[in-house]
Each structure stands twice: as C-alpha cells, then as structure tokens.
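S.K.: Make the full structure from the sequences, and use the hints.
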Amino acid sequence: SLDSIMDTKIKEALTGLEINPAPAKKISCTSIFNSGRLSSCPAGMVVTSCACGYGCGSWDIQGETTCQCQCSTIDWTTSRCCHLT
Amino acid sequence: SLDSIMDTKIKEALTGLEINPAPAKKISCTSIFNSGRLSSCPAGMVVTSCACGYGCGSWDIQGETTCQCQCSTIDWTTSRCCHLT
Amino acid sequence: SLDSIMDTKIKEALTGLEINPAPAKKISCTSIFNSGRLSSCPAGMVVTSCACGYGCGSWDIQGETTCQCQCSTIDWTTSRCCHLT
Numbered sequence: 001s002l003d004s005i006m007d008t009k010i011k012e013a014l015t016g017l018e019i020n021p022a023p024a025k026k027i028s029c030t031s032i033f034n035s036g037r038l039s040s041c042p043a044g045m046v047v048t049s050c051a052c053g054y055g056c057g058s059w060d061i062q063g064e065t066t067c068q069c070q071c072s073t074i075d076w077t078t079s080r081c082c083h084l085t
Numbered sequence: 001s002l003d004s005i006m007d008t009k010i011k012e013a014l015t016g017l018e019i020n021p022a023p024a025k026k027i028s029c030t031s032i033f034n035s036g037r038l039s040s041c042p043a044g045m046v047v048t049s050c051a052c053g054y055g056c057g058s059w060d061i062q063g064e065t066t067c068q069c070q071c072s073t074i075d076w077t078t079s080r081c082c083h084l085t
Numbered sequence: 001s002l003d004s005i006m007d008t009k010i011k012e013a014l015t016g017l018e019i020n021p022a023p024a025k026k027i028s029c030t031s032i033f034n035s036g037r038l039s040s041c042p043a044g045m046v047v048t049s050c051a052c053g054y055g056c057g058s059w060d061i062q063g064e065t066t067c068q069c070q071c072s073t074i075d076w077t078t079s080r081c082c083h084l085t
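Here the protein sequences line up with chains A, B and C, keeping their order.
Note that our numbering numbers the first sequence so that position 45 is 45, with each residue one more than the last.
Note that our numbering numbers the second sequence so that position 75 is 75, with each residue one more than the last.
Note that our numbering numbers the third sequence so that position 53 is 53, with each residue one more than the last.
Hints are computed from structural coordinates only; laboratory data are not their basis.
The structure displayed is predicted, hence computed values, not measured ones.
It cannot be assumed that every hint is accurate.
As the list claims (entries may be wrong) - Here are the simulated lysine to aspartate or glutamate pairs, DMTMM-like style, with alpha carbons at most 25 Å apart:
hint : chain 1 : residue 1 : chain 2 : residue 2
1    : A       : 26        : C       : 64
2    : C       : 25        : B       : 64
3    : C       : 25        : C       : 64
4    : A       : 25        : A       : 64
5    : B       : 11        : A       : 7
M.R.: Structure, rendered in structure tokens:
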C-alpha cells in the first residue's frame with residue numbers, strides 16, 4: 001500500500017543517518033616524565049598536575065602545557081596530561 | 001490530502017527519535033584518601049593528581065589508576081580522581 | 001512522480017534537523033594563584049590538583065573547589081581548575 005511505502009521510505013532515510021554517531025567521550029590521561037625542571041604535554045592535551053623530584057610540591061604551568069618545578073634542586077619533572085577520547 | 005499525510009508521517013517518525021538525547025557532559029572529581037604510600041581511583045575514573053603526607057611532592061602513577069608517593073617516609077596518599085558525568 | 005515527492009519531503013525534513021549540532025567538547029584548564037594556604041576555582045570548574053609554596057606537596061580539597069595546603073608554613077597556593085568547553 002502507499003502507506004507502507006511511505007513508512008519504508010522514512011525508515012530507510014533515518015537508518016542512513018546514524019542519529020547518534022557521537023561516541024560516549026571519556027577522559028584519558030598519560031604522564032610525561034622528563035629530566036630537569038620542565039616537562040611538556042603532547043599537543044592536544046592539557047596539564048592537570050605536575051610532580052617533581054626531591055619531594056618538591058611547588059610548581060607552576062608555563063604556556064598552558066609545560067610543568068615547571070620550582071624548588072632550587074630538581075632532577076626530574078612529570079606532567080600529568082589529559083584529553084577527551 | 002496525501003501531502004498532509006506524508007507530513008504527519010515524517011513528523012511522527014522524527015519526534016520519536018529524540019534527536020539530541022546526549023546530555024551536556026561535565027567533569028566530576030573526588031578525592032580518595034588512604035594511609036600508606038598508595039591510593040587508587042575507583043573503576044571508571046582517571047587520576048589527575050596525587051597528594052602525599054610529610055609535604056612530599058614526588059609521586060608517580062602505577063597502572064593508570066594508583067597514586068604512589070615516593071618520599072622515604074609517607075603516612076598518607078590521596079588520589080584525585082575524575083570522570084565525565 | 002509520487003515517489004520523488006516523498007523523497008524530497010523526507011530530505012527536507014531531515015535537512016532542517018541539524019542532526020549533529022553538538023560541537024566536539026574538550027578539556028580547558030586554568031591556574032588560580034592566591035597568597036596564603038587557600039585557593040579556589042571559579043564556579044563551574046573542578047579542582048584537578050593543587051600546588052603549594054615552600055615545596056609542600058601535602059594538600060587537600062575543601063568543599064570540592066578549594067585547595068588547602070597543609071604544611072606549617074605556606075606563602076602561596078595554586079589551584080588547577082578545569083572544565084569542558
């Protein structure tokens with residue numbers, strides 16, 4: 001019938017759309033270790049925290065993507081880097 | 001008319017779709033405190049940072065979900081854990 | 001033909017929907033520096049980490065949005081604050 005033809009056409013059109021193609025996003029993180037007092041995140045990731053050698057908890061973030069440990073003696077710096085995947 | 005029947009059918013088909021069902025996601029975080037030098041995030045959450053007792057700022061992340069404080073003496077460890085909700 | 005009229009109607013209805021209007025979200029972070037042992041994130045942002053003066057790595061988060069550095073002497077506190085944009 002004309003009615004069922006319409007239904008079929010509409011259904012086909014919608015099936016092709018993949019109405020919800022956006023996958024559920026989640027946070028993914030990685031740690032970047034570097035010797036010295038600086039450590040940078042890869043492009044596209046943000047710094048959520050920094051860790052420092054010699055027990056140091058004083059740090060700041062330079063240019064949005066680079067951890068800088070501030071204590072006078074520092075042998076390593078790790079940036080914690082996250083993005084959505 | 002046939003025309004208005006078509007319009008109604010199409011409209012009904014689209015109404016049932018809930019075209020934008022994905023709610024606006026946001027980041028939600030919690031802190032997990034533990035005695036000793038290890039603290040793990042719950043399943044489904046990522047570690048964004050760690051805090052340590054005795055003023056220690058040296059830590060690393062084991063297996064993606066566990067904070068490990070590295071200073072020689074450590075009495076507590078807290079992992080900061082986040083996910084999308 | 002009736003067939004092509006149906007096709008046109010369906011196509012028009014779908015074009016008006018803007019099926020994927022949700023923009024790709026990403027994490028955006030900022031650091032809030034404050035003198036003293038407390039530093040709060042702006043409304044709508046979460047704390048992912050804290051940094052403290054005097055090399056201190058011992059901190060906790062008060063009320064979900066405020067960093068508190070715990071060492072006995074603290075001259076500054078920075079909260080690392082993130083949200084989705």
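S.K.: Next step is simple, just say for each hint if it's right about the structure.
M.R.: Verification of the supplied hints:
At most 25 Å may separate the alpha-carbon atoms for a hinted pair to count; residue 26 of chain A and residue 64 of chain C meet this at roughly 21 Å. Taking the CA atoms of residue 25 of chain C and residue 64 of chain B, the gap is near 23 Å; set against the 25 Å cutoff, the hint holds. Our distance criterion of 25 Å between C-alpha atoms is met by residue 25 of chain C and residue 64 of chain C, whose separation comes to about 23 Å. With a C-alpha separation of about 23 Å, the suggested pairing of residue 25 of chain A with residue 64 of chain A holds against the 25 Å cut-off.
As the CA atoms of residue 11 of chain B and residue 7 of chain A are separated by approximately 12 Å, the hinted pair is consistent with the 25 Å bound.
Of the numbered hints listed earlier, not one is contradicted by the structure.
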